[in-house]
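Got chain A sorted already, so can you dock chains B, C and D onto it with the hints?
These are the residues of each chain, in order.
4 protein chains.
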Amino acid sequence: MRMFRNDYSEGAAPRIMDALVATNDEQCVGYTEGDPHCERARRLILDVCGLDEGEADVQFCVGGTSANVIGVTGMLRDWEGVICTRDAHINVHETGAVAACGRTVLPTDDADGFLSPEGAERVYAFQTSCGRHMTRPAAVYVTNATELGGVWDTARLDAICDWAHERGLRVFLDGARLASALTSEGNDVTLSHIAHTVDAFYLGGTKNGMLFGEAMVIRDERLREAFPFLVKERGGLVAKGRLLGVQFEAAFERGEGDAEAPYWSMARHANRMAADLRAGLVGLGFEPYGSSPSNQQFFVVSPAQQAAFEQAVGAETFYVLDDGRKVVRFVTSWATSRGDVDDLLEFAATIA
Amino acid sequence: MRMFRNDYSEGAAPRIMDALVATNDEQCVGYTEGDPHCERARRLILDVCGLDEGEADVQFCVGGTSANVIGVTGMLRDWEGVICTRDAHINVHETGAVAACGRTVLPTDDADGFLSPEGAERVYAFQTSCGRHMTRPAAVYVTNATELGGVWDTARLDAICDWAHERGLRVFLDGARLASALTSEGNDVTLSHIAHTVDAFYLGGTKNGMLFGEAMVIRDERLREAFPFLVKERGGLVAKGRLLGVQFEAAFERGEGDAEAPYWSMARHANRMAADLRAGLVGLGFEPYGSSPSNQQFFVVSPAQQAAFEQAVGAETFYVLDDGRKVVRFVTSWATSRGDVDDLLEFAATIA
Amino acid sequence: MRMFRNDYSEGAAPRIMDALVATNDEQCVGYTEGDPHCERARRLILDVCGLDEGEADVQFCVGGTSANVIGVTGMLRDWEGVICTRDAHINVHETGAVAACGRTVLPTDDADGFLSPEGAERVYAFQTSCGRHMTRPAAVYVTNATELGGVWDTARLDAICDWAHERGLRVFLDGARLASALTSEGNDVTLSHIAHTVDAFYLGGTKNGMLFGEAMVIRDERLREAFPFLVKERGGLVAKGRLLGVQFEAAFERGEGDAEAPYWSMARHANRMAADLRAGLVGLGFEPYGSSPSNQQFFVVSPAQQAAFEQAVGAETFYVLDDGRKVVRFVTSWATSRGDVDDLLEFAATIA
Amino acid sequence: MRMFRNDYSEGAAPRIMDALVATNDEQCVGYTEGDPHCERARRLILDVCGLDEGEADVQFCVGGTSANVIGVTGMLRDWEGVICTRDAHINVHETGAVAACGRTVLPTDDADGFLSPEGAERVYAFQTSCGRHMTRPAAVYVTNATELGGVWDTARLDAICDWAHERGLRVFLDGARLASALTSEGNDVTLSHIAHTVDAFYLGGTKNGMLFGEAMVIRDERLREAFPFLVKERGGLVAKGRLLGVQFEAAFERGEGDAEAPYWSMARHANRMAADLRAGLVGLGFEPYGSSPSNQQFFVVSPAQQAAFEQAVGAETFYVLDDGRKVVRFVTSWATSRGDVDDLLEFAATIA
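Taken in order, these protein sequences are the chains called A, B, C and D. In this text, residue positions in the first sequence follow the working numbering: the first is 1, and each later residue adds one. In this text, residue positions in the second sequence follow the working numbering: the first is 1, and each later residue adds one. In this text, residue positions in the third sequence follow the working numbering: the first is 1, and each later residue adds one. In this text, residue positions in the fourth sequence follow the working numbering: the first is 1, and each later residue adds one.
The shape of chain A in the complex, shown without the other chains:
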């Protein structure tokens, strides 16, 4: 049975892999600078963001942790910190990478994956209550889709951005699964709106059909100056920069007969599979945990069911509830087929 463990279990989606193979023998200068693929990918991305040349930089790096660390620490001076939710990837799943670069993560008590102005304000008010004895907040970090599969709507996103900008804080958006968010059912946020609202964000590749790589769009001046150096200093620069250019070019190039560029159609497919999976599991009586319209689906199950799902499809456990039940996650991707979902539902029926 196909695993539902993650959206990075396979190699690359066919369109991406084909582009890598097709360009394999070309010679390019390295490091994402000056090769035609990176340059074209940059233009395609600026375009889809509705940004003019010069309004923003598009930069590439090797993976999500790199992108987060470079983005966040490039926005912060030594004594400054970043506000995020308690479940934020940078707070819990990156081995203290932000602290390893000397900066402080300041988590709120927001428990649903969305950073709220109220939660952020509590942290901000506290951290500015004792002058220089405290890390000074200077940025906020949000994820879309969130770590819990949630998708920001425009009003919610604008609210936190307004809150931040009113206080002089920068906004960094982790877009490891941004494609899934923006193609999810009910989404009302446009990429262009994000690009003109947050100060920097990235379009994730690793979790949307590429071998690896993230493309960061940067309007913030401080980060624009920092990125080219930080990406090297923090180990995120790829010698064969072509790999990033070729993949993002293929992802954002709309081919003959494409209703939309592969970057979006791959994510839309994953969301559809996730919706089918969710509907199926709910139909079988399983209890969803939270409400995710994106490609991660969380369910509350018994310990026995958790063990069975882990064994069968590699589902990971995210939380253990106070009553002993467990929250497991199923993830779909470009590689998930309707048949794979059916197989999972068939199995689930046996343990429902």
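Everything labelled a hint here was simulated from the structure, so no lab data went into it. Every residue gets a Cβ at the ideal spot worked out from N, C-alpha and C, and that includes glycine. Wrong hints could be hidden among the right ones.
Unchecked claim - Some chain A residues judged to face chain C by a derived CB distance under 7 Å, without partners named: (1) Ser9; (2) Val69; (3) Gly235; (4) Gly236; (5) Ala239; (6) Leu243.
Stated by the list, open to error - Here are a few chain C residues that face chain D, going by a calculated C-beta distance under 7 Å: (7) Trp79; (8) His93; (9) Thr95; (10) Gly96; (11) Ala99; (12) Ala100; (13) Gly102; (14) Thr104; (15) His133; (16) Thr135.
Stated by the list, open to error - Label pairs and their calculated CB-CB ranges: (17) D/Ala22 <-> B/Pro303: 34 to 40 Å; (18) C/His165 <-> B/Arg224: 22 to 28 Å; (19) B/Thr350 <-> D/Glu256: 42 to 48 Å; (20) B/Arg40 <-> D/Pro36: 54 to 60 Å; (21) C/His165 <-> D/Ala22: 57 to 63 Å; (22) D/Pro36 <-> C/Ala111: 55 to 61 Å.
Just chains B, C and D now, with coordinates in the frame of chain A:
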């Protein structure tokens, strides 16, 4: 009226100042190495701790933040973190100094200033639930007296130390106000017990009558090797090392007719003044916040009272409660007299 | 004309690319842990190193800067430094990545790319002449092939390793171009000898036919404990760990009719092309700079020739000599053909 | 016999100590903020620098390593480095403190203690020759008096400052012994000129009669914003901030009948003692090493003489020459008397 703002508002206690003046013209080699005062202070401290030569190192540094940063980061490897309460000084009042050295602070939800095995276990269990993707806890940080004036008893201290040691974690005790804790009413912990139980701790000087300086007692091998270098690298080494030796020598030298060494009698006096202050304020109907037997006293007051106390005696505000009332702090020291307390109580009566 | 700018100008060598394509649809767990390709690659590498299971760890990371930073900083405590030549990659071409992790690079005045015991001793003697006021050397960093194309012989390598080990220093070998070194003409060092002599080293993939990735062999206990966490914390962990496993498996798997595994034959080919290129240029009267038997060739040329070579084949300039002449570099790879070399020589004849 | 080991062998000069004793019982708020002594010291220092309120900040910190690290790292972004001479204190005697904060020290080959535009240009040209792959120089660090006792003249200082400013680099001047430099014979640099030329510098206290402490004058905007937070984060903030205010106030307050403020007269005295010592030793046939008009005097002696001087007056050895002779240092201070110098010369005569 005398301020009750802090225990570091004045210069040095007379015995300490006298010793500095008396030795001022002596020539000493620098950096706390090899001068007779540091050497003698080391022996006096080992002695009062019941430690043999070689069982532990005694090292000096310039202040509390230095001591905490050196102690904590000297116990941790790059990817490791320290568990502490949410109110721990290293978590909230040192401008991210631990993160500035690349390490992560892992706060629990303990709200009373005491790190509990339950709180620590929750953090530990979470932080070890996802392998190397998470900062690995490797030490715990406790303070005695706590940031809220609390004093550890032996059972409580042993419980957290046992919990830590069973998991291979080191224990660091911030003793900025250890003298106050150990001379507080009802205290049952001996210095020797601490010295033989925790892996490193320090005897605070700044907040107990010295101009500045802390003396760290280190049994942990990793920190023993690290301290001499870290204290220089982190900027905590004092060129005129004599200043630390002379002060700690004077503090731990029991003179003719002394019932105990000045280090203890100064703290005992401060505690007595704090107890009088507490009793007086309670008698006037003020509501204590928590139960501190040491030289910091916290009271819940109205905003108007807070403003009055801040104006009159420099009392600092620590929390704002949900109902708008404020928690203010009064601190006594070797320099506080019974008359100072009476003055404060007289004033308090006018706003009670 | 084919560029001779670098050995990472193309994509992957055919055998590597084929393996990536062939395994593309397999599902693997991520992060190089537990997938069959990484496991098999590990066993192949231990085997070719003559190491038993348990004698050493084989770990993967994303690129050379990551490998160097993780390897070097994982060997050093906060106050320790690494001795290397002045031209060492970590000293000049990694944007201060070692310092960014809080450690100090201690360059010698060795000018030929080889770290000498004499040069290292001068640095060591100086750095240990003032106790804790100086960064303490704790490791040495060598590269094979060196930044100038040189190849270590056994006597030379043993001399620096003995020097280091006698003083308690660890040895880290940067093997970004180790394959080229070990297959170069006249080389007398075996991989097994390296594996049993240095404390950690890596087998470079990026510069030897892979898309990216390096495989580190670690005997040093301190680094063995550190690597799994540091690779995540420093941003060097690849989500699709399969990519590293599949590539190194393909590189070290000796197929039907292979005289040796592709990892070696690719490098041997590059060396052969470099030797032809060198012989040809020398025949045309060009002056070689130093004596490199590996896939990087350095020549002293006039400014006009430099401009012509840069324009024609992307040759990079490494030094400007006092007389104004320039040292340019030509690099060959698995992708360089005999025809490409002929084209270059034909062009060179026109500007000789 | 009085030691000539260092200028921080004694406690504080009488005027300083008297001020500490006289103000000992006053209550002050802490951390150098808002107490009248720090405020008055700030005004006195601005005044003596010829700076208006608002043109520069005056900030205090605990010691020289703190001052250097805060000053240098507060001028640099993460990927930037500081150019200095190879003997610069930050390069060799601070245990890698700058690297510990993630920044890179870029030493020139200047061997006489003075950073030259030529030496700096060589480093700058190299470090900017390979884009973001190299640490970008963004500041220079000079010391006055230098580590070898040299004193900058106006032309020399202006030359390096002009060189730096033309390239957009900031200038930081380590003034641990600035008082000695500015009161040395032949000095033509005014404090006001320094204050208006470099971007930040400090007036050393530790080595000029105080117990400890340095006062930094900052015109650079980046450092002005950074200092208040960095001084806490890096452990350089003194809880009893009064100590710094009181000492600098006493040092810069010109009393009845003072020809100049004690800060200058103490240094002038030390210089006079050093000149007498130098003349005497030269008269005895000892060979000076370099030419220092300040309070550090270097001489080339035989190993036997070195041992004798070390034993007799604590002279430290700075270099071992190729012929085996040694360079020893004698240091004078406010505490050195003419009789002390005579004693030393009398002793020297016995081993000349």
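Hints, verified against the model:
1. Contact between A/Ser9 and chain C, as hinted, is supported at the beta carbon level, the nearest pair being about 4 Å apart and thus within 7 Å.
2. At about 6 Å, the closest approach between the beta carbon of A/Val69 and any beta carbon in chain C falls short of 7 Å, and the interface hint on this residue holds.
3. Interface hint status for A/Gly235: upheld, as the beta-carbon distance to the closest one in chain C is roughly 4 Å, under 7 Å.
4. Using the Cβ-Cβ criterion of 7 Å, the hint placing A/Gly236 at the interface with chain C is satisfied: the shortest such distance is roughly 6 Å.
5. Using the Cβ-Cβ criterion of 7 Å, the hint placing A/Ala239 at the interface with chain C is satisfied: the shortest such distance is roughly 5 Å.
6. At a threshold of 7 Å, the smallest CB-CB gap from A/Leu243 to chain C is about 6 Å, leaving the interface hint in force.
7. Interface restraint check for C/Trp79: the shortest CB-CB distance to chain D comes to about 5 Å, inside 7 Å, so the restraint holds.
8. Because the smallest distance between the Cβ of C/His93 and any Cβ of chain D comes to about 5 Å, under 7 Å, the interface hint for this residue holds.
9. Contact between C/Thr95 and chain D, as hinted, is supported at the beta carbon level, the nearest pair being about 5 Å apart and thus within 7 Å.
10. This hint holds: C/Gly96 has a C-beta 4 Å from the nearest C-beta of chain D, less than the 7 Å allowed.
11. At about 4 Å, the closest approach between the beta carbon of C/Ala99 and any beta carbon in chain D falls short of 7 Å, and the interface hint on this residue holds.
12. Interface hint status for C/Ala100: upheld, as the beta-carbon distance to the closest one in chain D is roughly 5 Å, under 7 Å.
13. The criterion of a C-beta within 7 Å of any C-beta in chain D is met by C/Gly102, whose closest approach is roughly 5 Å, and the hint holds.
14. Interface hint status for C/Thr104: upheld, as the beta-carbon distance to the closest one in chain D is roughly 4 Å, under 7 Å.
15. Using the Cβ-Cβ criterion of 7 Å, the hint placing C/His133 at the interface with chain D is satisfied: the shortest such distance is roughly 5 Å.
16. Nearest Cβ of chain D to the Cβ of C/Thr135: about 4 Å, under the 7 Å cut. The hint holds.
17. Look at D/Ala22 against B/Pro303: about 39 Å separates their beta carbons, and that is inside 34 to 40 Å.
18. Taking the beta carbon of each, C/His165 and B/Arg224 are about 24 Å apart, inside 22 to 28 Å as hinted.
19. The hinted range of 42 to 48 Å is satisfied by B/Thr350 and D/Glu256, whose Cβ atoms lie roughly 45 Å apart.
20. Taken as a hint, the range 54 to 60 Å is violated for the pair B/Arg40 and D/Pro36, whose Cβ atoms sit roughly 36 Å apart.
21. At roughly 60 Å, the beta-carbon separation of C/His165 and D/Ala22 lies within the given 57 to 63 Å, and the hint holds.
22. For the pair D/Pro36 and C/Ala111, the supplied restraint of 55 to 61 Å holds, since their beta-carbon distance comes to about 59 Å.
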